[in-house]
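With the hints as a guide, bring both chains together as one complex.
Chains A and B are the protein sequences, given in the same order.
No gaps in the numbering here: position 273 of the first sequence is 273 in this note's numbering, and each next residue is one more.
No gaps in the numbering here: position 266 of the second sequence is 266 in this note's numbering, and each next residue is one more.
No wet-lab data here; the hints were simulated from the structure.
Chain B stretches covered by chain A per the calculated footprint, using a threshold of three residues with CB under 8 Å from any CB of chain A: (1) 118 to 128; (2) 137 to 145; (3) 305 to 313.
Selected chain A positions facing chain B (in silico; Cβ < 8 Å): (4) 127; (5) 269; (6) 315.
Given the structure is predicted, the values throughout are model-derived calculations rather than measurements.
The C-beta atom is built at its ideal place from N, Cα and C for all residues, glycine as well.
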Amino acid sequence: MLYRENGQFKTSYRGDQQMLPILQDRIFMALLLLFVFIGGPFIFSDYMLLSTIIPFLILSLAALGLNLLVGYCGQISLGHAAFMSVGAYAAYNLALRIPQLNFLVVLILAGLIAALVGLLFGIPSLRIRGLYLAVATLAAQFFMDWTFARVKWFTNYASSGSVSTATIDLFGWQLNSPVRKYLFLAAVVTVFAVLAKNLVRGHMGRAWMAMRDMDVAAEVIGIRPVYAKLTAFAVSSFYVGVAGALWGFVYLGSWEPLAFDINLSLNLLFMIIIGGMGSILGSFFGAFFIVALPILLNHLPGWIGFDMSTAMVSNLEQMIFGSLIIFFLIVEPQGLARLWAIGKEKLRLWPFPH
Amino acid sequence: MKRNINLIILSVALLAGMIAPLATGASAAGFWVEVLLGGLMAGVLYSLVALGFVLIFKASGVFNFAQGAMVLFAALSVARMAERMPLWAAILLAVVIMVALAFIIERLVLRPLVNQDPVVLLMATLGVTFFLNGLGQSVWGSDVYEINLGIAREPIMILQSVFDGGILVNKDDIAATVAAVVLVTLLALFFRKTKTGRALRAVADDHLAAQSIGIPLNRIWVIVWSLAGVVALVAGVIWGAKLGVQFSVSQVALKALPVVILGGFTSIPGAIIGGLIIGVGEKMAEVFLAPIAVHAFNLAGGGIENWFAYVLALVFLLVLPEGLFGEKHIDRV
Chain A
1 MLYRENGQFK
11 TSYRGDQQML
21 PILQDRIFMA
31 LLLLFVFIGG
41 PFIFSDYMLL
51 STIIPFLILS
61 LAALGLNLLV
71 GYCGQISLGH
81 AAFMSVGAYA
91 AYNLALRIPQ
101 LNFLVVLILA
111 GLIAALVGLL
121 FGIPSLRIRG
131 LYLAVATLAA
141 QFFMDWTFAR
151 VKWFTNYASS
161 GSVSTATIDL
171 FGWQLNSPVR
181 KYLFLAAVVT
191 VFAVLAKNLV
201 RGHMGRAWMA
211 MRDMDVAAEV
221 IGIRPVYAKL
231 TAFAVSSFYV
241 GVAGALWGFV
251 YLGSWEPLAF
261 DINLSLNLLF
271 MIIIGGMGSI
281 LGSFFGAFFI
291 VALPILLNHL
301 PGWIGFDMST
311 AMVSNLEQMI
321 FGSLIIFFLI
331 VEPQGLARLW
341 AIGKEKLRLW
351 PFPH
Chain B
1 MKRNINLIIL
11 SVALLAGMIA
21 PLATGASAAG
31 FWVEVLLGGL
41 MAGVLYSLVA
51 LGFVLIFKAS
61 GVFNFAQGAM
71 VLFAALSVAR
81 MAERMPLWAA
91 ILLAVVIMVA
101 LAFIIERLVL
111 RPLVNQDPVV
121 LLMATLGVTF
131 FLNGLGQSVW
141 GSDVYEINLG
151 IAREPIMILQ
161 SVFDGGILVN
171 KDDIAATVAA
181 VVLVTLLALF
191 FRKTKTGRAL
201 RAVADDHLAA
211 QSIGIPLNRI
221 WVIVWSLAGV
231 VALVAGVIWG
241 AKLGVQFSVS
251 QVALKALPVV
261 ILGGFTSIPG
271 AIIGGLIIGV
281 GEKMAEVFLA
291 PIAVHAFNLA
301 GGGIENWFAY
311 VLALVFLLVL
321 PEGLFGEKHI
331 DRV
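In isolation and in its complexed conformation, chain B is listed as follows (with noise of 0.2 Å):
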C-alpha cells in the first residue's frame, strides 16, 4: 500500500514536471513536442543498453559494468569493418565477435568467480570494462569513426496542420526506433516462444532449481552473454550512426545504471520504460529547467543532464528501491 502511494506521489511529480514549462506557457506546443521526441530519442538508446543490463542480471545475477564497454567495441567493430567489407557482413562478423566474446568471459570471468558476492562480481566487470575499452582502442584504433547506414539524415516535418510550423524529425531517428522496438520484441518472442528462451527464464526465476531440472548453467550464460551482446551491438550501431563511434559512447552508456533503477533490476519493461524515462526527463531537464537554474544561481552553463538521471535514480532509491517493475523483495539494512 504505501509503495503505491510512492508510486502515485513520484510519477504525479514527473508528469507535473514534464507538463509544467507547457502549461505556464513558457514554451510553444510545438516545440515541447520536439523536446519531447528528442528525448524519447535518446532513452529509446539508454532502453537498449539497460536491456543488456537486465538479461545479463536476470540470468546470471551479475551488474554488468561492462555493458557500455560492450556496446563502444561492437560498434567500433562494425566501424572499422565496414570499411573494408559491406556493412550487413560487417554487422554478421561483429555478432560472431559478441559471440565469442560471449564465450571468453563465460570461460574466464564468470566459471571461476561463480557464487561470489554480488559485489565481487560488479568489479570483476570494472576489470572487463578496462579490458574491453583497451583492446578495442587498440585493435580499432581511437579515433572517431562513422557508421553509414545508407539512410538520409534529412530531418522531415510532420503534423504541420496541428502545430505552428510542424515538429521536425529525423528519418534516422525513426529508423532506429522501429529497429529497436523489432529487436524487443524478437526477444519477447524469444523468452516465450522457444525451449532456450523458457530455459532462460527458468535461470532467472531459481538458478539451484533450473540447475537440478537439468539446465546447464554455463551454456545458459554463454546464451545470455551473447545476447546482450547482440543487443549491445545494435545500441552501437544505432549509437554510432548517429553521434560516431567514439570513447565517449562507453561513458554516457553508464546513464544506463540509473535506468534499470528506475525500471527495476529485472524487469525487460521497466528497463525500456525506464530508459524513455531517463531519456525525456533528462531533455525536458536541460532545455527548460537549466535555464532558470542558471539564471537563478549564476551558474557558467548548464549541464543539468549529466547528473539529472542519476539524481533522479537516488531519489527512487529512497522512495521506491526496487523501481517500478521490480521484485518486491529487497535486501533492506
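Just chain A, with the same shape it has in the complex (with noise of 0.2 Å):
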C-alpha cells in the first residue's frame, strides 16, 4: 500500500533515466543518508564504531570493487586482498614522502596505482577464463604479499616489516575520533557507491554485463572485450585499492604484510556471495553480514547462558560461513540483495495482493 509506484508518470527522459525513479525509494533513501550522517554519530557508541561500523564500511567500499569485477564482468579473483594492500602501501609511501599531499589526494593516487597493478594483472584474463583465471589471480596474491613482506623500500625500511600511519588531516580537520572517522568513511562510501551505480547503469556497466553473460555475442555487437576486461579489473582495483588505503589508514592505523593475505580476499568473495552478485546494495549486505556475524558468535554463548571457547567460536565461524555459502549458491544464488528485491516486490501488492 505505501509502496506503490501507482500515478508516478515519467514525462521527461531526465525523469525516467533517473537512479531512483520511485518516489518511495527517494525517501528512502533520504531517510537512510539522514539517519547515517545526523543520527548515526549519536546513536553509535565509540566501540562500536570502532568494532563493528568502520570496518563494515571500508569492507563494503572493498565488496564493492570486488563486485564490479565478478559480479559485473563475470571475472572471477581470488587475490583481490593484493590490490587492497597495493592501496594501502601505496597510500603508506605516498603519504610519506610527499608529506604536502592532501589525504584526499593521497587516496585517490593509490586507487590509480592499485588500478595500474590491476590492469597487469588483468591482462591474462584477455586470453583465459574461469578457473584459470582464479589462478592467475592467485599469483597476484602470493606476489604481492611477497613483495609487501620483503621489499624494504616499500616498508621504509621498517625493521618489523610493520607500518604505521600518522593521524590524517583533512584541510585542518583532524581524523582522531571514532565519530570523526565514521562520517569521513560514510562520506568516502556515499560517493563512491553513488559513482558505481552510475557505472554500471552506463555504458561501461553495460559492457561488463554484456561480457559475462556471453562474450562471444557482446563481441557481435560491438563491445571490445580487451576495453570490457581491463576496464572491469581497473576499475575494480581502484575501488579495492582505495578501499586498502583507508583500511589501512583509518581502521588499522599500523599494519604488516599479513593484513592483506589470501584469507581477506576469500572473505571478500564470501560477501559478494552471500550479499548478492551483480548488486550494490549487495555488496553492502554481504559486508555486513561477514563483520556482523562473529560478533554476534560471540556473544551468543554468553546470552544464552552457554560457555564456548574463543577457538571453538572461530571453528564455528568458519563451519557456518562454508555451509552458508553453500546454503546460498543452491538456495539464492543472487544472495541477500534478492531476497531484498522479493520483499519490494511483495511489498507493492502488500496488504491487498489479488
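Right under this line is the structure:
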C-alpha cells in the first residue's frame, strides 16, 4: 500500500532515467542518508564504531569493488586483497614521501596505482577465463604478499616489516576520534557507491554485463573484450585500492603484510556471494553479514548461558560461513540482495495481494 | 605447430634454469643433486594433492578448491585417532570417514548444483573448504600433531663414490616416494582394468554419453570423491609424518593449483610431472636464485618459493594455456 509507484508518471527522458525512479525509494534513501550522517554519530557508541561500523564501511567498499569485477563482468578473482595491499602501501609511501599532499589526493593516487597493478594482472583475463583466471589472480595474491614483506623500500626499511601511519589531516580537520573517522568514511563510501551505481547503469557497466553473460555475443554486437575486461579490472582495483588505503590508514593505523593475506581475499568473495553478485546493495549486505556474524557468535553463547572457547567460536564461524556459501549458491544464487528485491515486490501488493 | 614451439622454448628455459648453477660452478655437484632430490620430494606431495584435483575435475568438472582442506582433515583424523588405536586401524577408519564425506558432499553440494557454471561450483568448494577446516579443527583440535609411521628419521648416505661426501637422503622420504608410486600404479590399474574404472573414464570423456548408456552419474561422483579423499589421506599422512599435522598444510596444498595448470587439468601424468617440476623449480629458485635476488635488490630475505609456483603457472597460462598434457581445446576469449 505504501510502496507503490501508481500515479508517478515520467514525462521527460531525464525523469525516466534517474537513478531512483520511484518516489518511495528516494524518500527511503534520503531517510537513510539522514540517519547515517545526522543520527549515526549520536546513536553509535565509540566501541561500536570501531569494532563494527568502521570495518563494515571499508569492507563494503572493497566488496563493491570486487563485485564490479566478479558480479558485473564475470571475471573471478581470488586475489583481491593483493590490490587492497597495493592501495594501502601506495598510500603509505605517498604520505611518507610527499607529506604536503592532502589525504584525499593520496587516496585517489593510491587507487590509481592499484588500478595500474590490477590492469597488469588483468591482462591474462584476455586469453583465459573462469578457473584458469582464478589461478592467475592467486599469483597476484602471493606475489604481492611477498613483495611487501621482502622489498624493504615499500615499508621504509622498518625492521619489523610493519608500518604505521600518522593521524589524517583533512584541511585542518583531524581524523582523531571514532566519530570523525566514521563521518569521513560514510562520506567516501556514499560518493563511491553513487559513482558505482551510475557506472554500472552506463555504457561501461552494460559492456561488462554483456561480457559476463556471453562474451562471444558481446563481441558480435560490437563490445571490445579488451576494453570491457581491462576497464573492469582497473575500476575494480581502483575501488579496492582505495578501500585498502582506508583499511590501513583509518581502521588499522599500523599494519604488516599479513593484514592482506588470502583469507581477506576469500572473505571479500564470500561477502559478494552472500550479499548478491551483480548488486551494489548486495555488497553492503554481504559486508555487514561478514562483519556482524563473528560478533554475534562471540556474544550469543553468553546470552543463552552457554560457555564456548574462542577457538571453538572461530571454528564454528568457519563452519557457518562455509555452509552459508553453499546454501546461498544452491537456494538463492543472487544472495541477500535478491531477498530484498523479493521483499519489495511483495510490498507492492501488500496488504491486498489479489 | 605453434604449440610445439612454445613447449620446446619453455622446456629449454626450465632446464637451462635448473642446470645453470651447476654449469656456472655456483654449486657443487653433490649439493645440487641434494637440492634436486629435496625438490622432487616436495614435488611428490604436490603431485599427490594435484592428483586428487585431476580425478575430480575429470569426472565431475568441478575445480575442487577443497582438496587442500581434505588433506588437512584426513591427516588430522589419522593423527588424532592414532593416539587411541594402532596406526593401521586409524588409517582404515579415516578411509571410512573420507568415503562418508564424499557421500555427504555429493548429496548436499554436487547434486543440487548439477549443471551449474564451473565458477559457481568452484565457489561452492570454497564453502566446503571453510566448512571442513572449521569441522576438522573443532572435532580434532587445532594444535600441531604428529603422525609416527615407525620409520626411522635418520638420513642415510648414498652415492659416496660418485660425489664428494655423498648425498644425504632421508629414509622417510624414500618411503613416501615408494608409497606415492604404489598409489599411482594402483590408480592406473584401477582405471584400466576394472569395470568401475572404465565407467569413470567414460564419464570423464563425455558425461552425457556415459549417462545415456546407463552409467549412474551420481554413484560415479561418489566414487571419484572417495578416491580423491583416499589420495588426500595418503598425501596427508606422508605430509603429516614429515612436517607435523597443522593448519598450514591446507594452505600449502593450494600449490596444487599451479601444478594442475602446468600439467593440464585433465591429465593424471600431467599432475605428477607438473608436481615434480613445481617442486624442483621452487626449491632450485629458493636455493640458487633467491640469494642473488636478495643481494641485487636488497631484500629482507628470500621466500621466492611462496610465489614461484604461481608465477610459473602464470607464464604457462600465457604461453601454453592447456598445460603440458591437457586437452588441446580451451576456451579462448
